[in-house]
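Chains A and B, in that order, give the protein sequences.
Read in order, the letters of the first sequence correspond to residues 0 to 525 in numbering that gives the first Met the number 0.
Read in order, the letters of the second sequence correspond to residues 0 to 173 in numbering that gives the first Met the number 0.
Where hints are given, some of them may not hold.
Just a few of them, taken from the derived set where beta-carbon distance is under 10 Å, the chain A residues facing chain B [as the list claims (entries may be wrong)]:
id : residue
1  : Gly205
2  : Thr230
3  : Leu440
4  : Pro444
Read the hints as simulated data drawn from the structure, not as lab findings.
The beta carbon of each residue, even a glycine, is placed where N, CA and C say it ideally should be.
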Amino acid sequence: MSRLLHSLAEALGADVAADASLRPASVAGCAVPRARFAEAGAVLKDAHAMLVAEWAADESAFGRGFGVYACYRWAKDCVVVKAELPAGDPTFPTLTGSWAPAFRFERQMHSLMGVVPSGHPDLRPWIAFEDWPAGAHPLRKGFDGTRPLARGAGDYAWIRAAGEGVYEIPVGPVHAGIIEPGHFRFLAVGEDVVNLEERLGYVHKGIEKRFESLPWGEGHRLAGRVSGDTTVAHALGYCIALEALAGCEVPERAHWLRALLLERERIANHLGDLGAIANDAAFAFLWYQMMRLKEGLLRTNSALFGHRMTMDCVVPGGVAADLTAEGKRAMAAELDAFLPEYERLVRIYDDNASLEDRVRSTGVLAPQKALELCAVGIVARASGINHDARIFHPFPPYDRLDEIELEVPVLVSGDVHARAWVRVVEVRESVRLLRYILEHLPEGPVRAPVAAPPPGGAGFAAVEGWRGEIVYWLQAGPGGEVNRVMVRDPSSVNWIGLEQALPGNIVPDFPLCNKSFNQSYSGHDL
Amino acid sequence: MLRILHQIFRTGIVTEPLPEAEAEIRVVGRQLEEAIRRRFRGSLTIRQVDAGSCNACELEIHAINNPIYNCERFGVHFTASPRFADMLLVTGPVAFNMEIALRRTYAATPEPKLVVAVGDCGRDGGVFGCSYASLGGVASVIPVDVVIPGCPPTPTDLLRGILAAVELDKKKRG
Chain A
0 MSRLLHSLAE ALGADVAADA SLRPASVAGC AVPRARFAEA GAVLKDAHAM
50 LVAEWAADES AFGRGFGVYA CYRWAKDCVV VKAELPAGDP TFPTLTGSWA
100 PAFRFERQMH SLMGVVPSGH PDLRPWIAFE DWPAGAHPLR KGFDGTRPLA
150 RGAGDYAWIR AAGEGVYEIP VGPVHAGIIE PGHFRFLAVG EDVVNLEERL
200 GYVHKGIEKR FESLPWGEGH RLAGRVSGDT TVAHALGYCI ALEALAGCEV
250 PERAHWLRAL LLERERIANH LGDLGAIAND AAFAFLWYQM MRLKEGLLRT
300 NSALFGHRMT MDCVVPGGVA ADLTAEGKRA MAAELDAFLP EYERLVRIYD
350 DNASLEDRVR STGVLAPQKA LELCAVGIVA RASGINHDAR IFHPFPPYDR
400 LDEIELEVPV LVSGDVHARA WVRVVEVRES VRLLRYILEH LPEGPVRAPV
450 AAPPPGGAGF AAVEGWRGEI VYWLQAGPGG EVNRVMVRDP SSVNWIGLEQ
500 ALPGNIVPDF PLCNKSFNQS YSGHDL
Chain B
0 MLRILHQIFR TGIVTEPLPE AEAEIRVVGR QLEEAIRRRF RGSLTIRQVD
50 AGSCNACELE IHAINNPIYN CERFGVHFTA SPRFADMLLV TGPVAFNMEI
100 ALRRTYAATP EPKLVVAVGD CGRDGGVFGC SYASLGGVAS VIPVDVVIPG
150 CPPTPTDLLR GILAAVELDK KKRG
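Given these sequences and hints, build the entire structure.
Here is the structure:
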């Protein structure tokens with residue numbers, strides 16, 4: 000039995016009921032009375048769990064009100080705790096007493112679903128803007144998502160600071176160069192940042208609502224565009240959750256090809272980030288060099304899979320692209336040429352004193368803070384948290400850990416350098432994995448049919464994208480149709496990390512800090 | 000430092016004539032350079048605006064700046080301020096929450112205000128369609144001169160599209 004579930008059962012007794020609708024079986028589902036929802040969270044906090052995500056679903060199609068869900072994990076142990084809310088009184092006790100990441104999750108649930116976390120200290124709108132019409136909760140079933148909103152008026156209540164010499168710097172949403180939009184409000188004294196407040200939601204495209212209007216077999220294309228730089232990992236998250244829900248057995252070769260695409264995506268993005276971090280420290284040389292290597296990878300993708308970012312290659316039941324023997328040879332040759340080039344550049348990064356001066360002890364996210372924020376991915380691993388979904392929530396072929404021996408770098412300094420260095424090591428490890436995959440790629444079909452999901456079932460997946468853990472939760476309605484698709488990009492959690500890392504740094508270091516986090520605006524705003 | 004110099008010499012110049020339809024692009028590249036020299040005194044300045052994209056288009060726009068495509072050789076530059084921009088390169092769909100910012104950016108751009116809508120989403124909303132949160136293509140909010148379809152368009156597509164906008168403008172204004 001799951002250790003977390005055991006702790007819950009011990010503390011809450013008969014109030015914990017098993018929820019058998021959740022797949023796969025490795026993730027435990029349970030339901031608690033809504034009055035004890037926060038208590039369950041506190042119990043799991045004491046059991047050293049981390050909060051993965053919190054979300055709500057409109058379950059009126061089942062003849063009930065809303066469901067609120069919180070997912071927790073501890074190492075390989077993962078539980079989803081559910082509470083039901085009546086339609087007429089959609090309130091539930093807030094998790095913010097125990098969990099820092101719940102602040103934003105619950106603001107988002109309050110804005111988009113209209114459920115009310117009682118006791119939440121800050122219910123300003125999140126993702127929804129203040130000029131949305133009152134009572135517009137797009138994720139509710141009664142809300143017609145096809146019609147444009149009527150724009151109202153309103154002001155956002157920014158966090159203020161008073162005192163001599165404190166001033167505000169507003170930045171964005173159209174900011175810097177070629178970048179996604181977001182607003183950053185700095186409170187500064189001289190050059191020192193006292194507080195940074197993010198305001199995101201500018202690229203909210205209504206993706207979760209859009210999923211509900213698509214058949215199951217088309218959702219992966221939308222998932223692949225939640226955050227374009229992570230198209231493989233997002234499509235994979237959707238597909239694994241759907242396959243778990245529908246009970247589809249994916250062919251072995253497809254699993255390995257998916258891992259191959261996932262690791263290539265990791266390398267390409269890490270190269271871009273390493274270059275961009277150096278560039279923001281005024282070391283353009285490395286940007287040009289890294290972009291040159293990245294371009295080579297994208298061209299190979301285009302030649303072998305027909306798309307530079309391998310969009311739409313991961314599909315429900317398998318993959319839409321296969322690799323020929325010739326393609327395998329081409330990729331192996333590419334890796335042979337790539338690695339020495341890469342190592343030369345890493346040496347230059349590591350040797351450069353003026354670069355070191357900028358990246359060390361800049362933008363520190365202390366391990367204790369990262370733990371409190373339940374940070375994920377590269378951000379977490381640069382701040383002492385040993386979490387990687389490829390190990391702790393393994394999907395094939397990563398479940399053969401004793402064979403693959405995946406090595407995950409963990410640093411503790413939490414600064415820009417640590418976040419860069421985690422990437423440096425991960426690129427090496429991904430190259431090693433790619434070679435292993437090329438060598439061991441099994442023969443066989445690459446796609447299996449996916450049956451219709453069972454009515455009322457739910458499917459869960461956690462996939463380690465290059466940025467970090469991506470979570471999908473799919474819920475089938477009473478007729479087996481799409482009732483709710485919940486997407487949690489790593490950015491939903493890690494953006495708060497940037498806010499927490501910045502005070503004490505100088506304003507001109509913000510681009511460098513921001514680049515080292517490089518969170519997705521689109522993936523956060525959905 | 001020696002290592003840096005060594006790497007620079009080892010790499011050499013990697014900028015290449017554009018890969019697909021090389022001959023055509025060489026001609027087009029010359030035309031682009033020539034048109035930019037005449038119409039924009041050798042420098043076409045672009046402000047890129049993400050009005051709601053998934054960020055894949057941004058990656059490819061970054062790529063035209065990389066040393067392989069090296070768009071600066073044609074006189075194409077990116078700026079942070081719309082007030083310096085000749086052209087807005089807008090990726091979409093236009094999110095409801097970005098509509099005001101996009102309109103303001105357009106208003107802040109001086110003539111000739113060329114607008115290029117990038118990607119299938121910039122064309123008509125793409126997979127996101129039109130909804131409470133997405134207003135669809137860029138043209139539903141500001142006037143668009145040229146559309147570059149693709150999901151995302153390749154760097155070559157982007158360069159061709161930018162050229163088309165400069166050419167179009169030339170014809171429009173005689």
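So, going through the hints one by one against the coordinates:
With 10 Å as the threshold, the beta carbon of glycine 205(A) comes within range of chain B, its nearest partner Cβ sitting at about 3 Å, so the hint holds. For the restraint placing threonine 230(A) at the interface with chain B, the shortest Cβ-Cβ distance is roughly 7 Å, inside the 10 Å limit, so the hint holds. Contact between leucine 440(A) and chain B, as hinted, is not supported at the beta carbon level, the nearest pair being about 27 Å apart and thus beyond 10 Å. Given the 10 Å rule on beta carbons, the hint for proline 444(A) is violated: about 27 Å separates it from the nearest Cβ of chain B.
In this structure, the hints that do not hold are numbers 3 and 4, in rising order.
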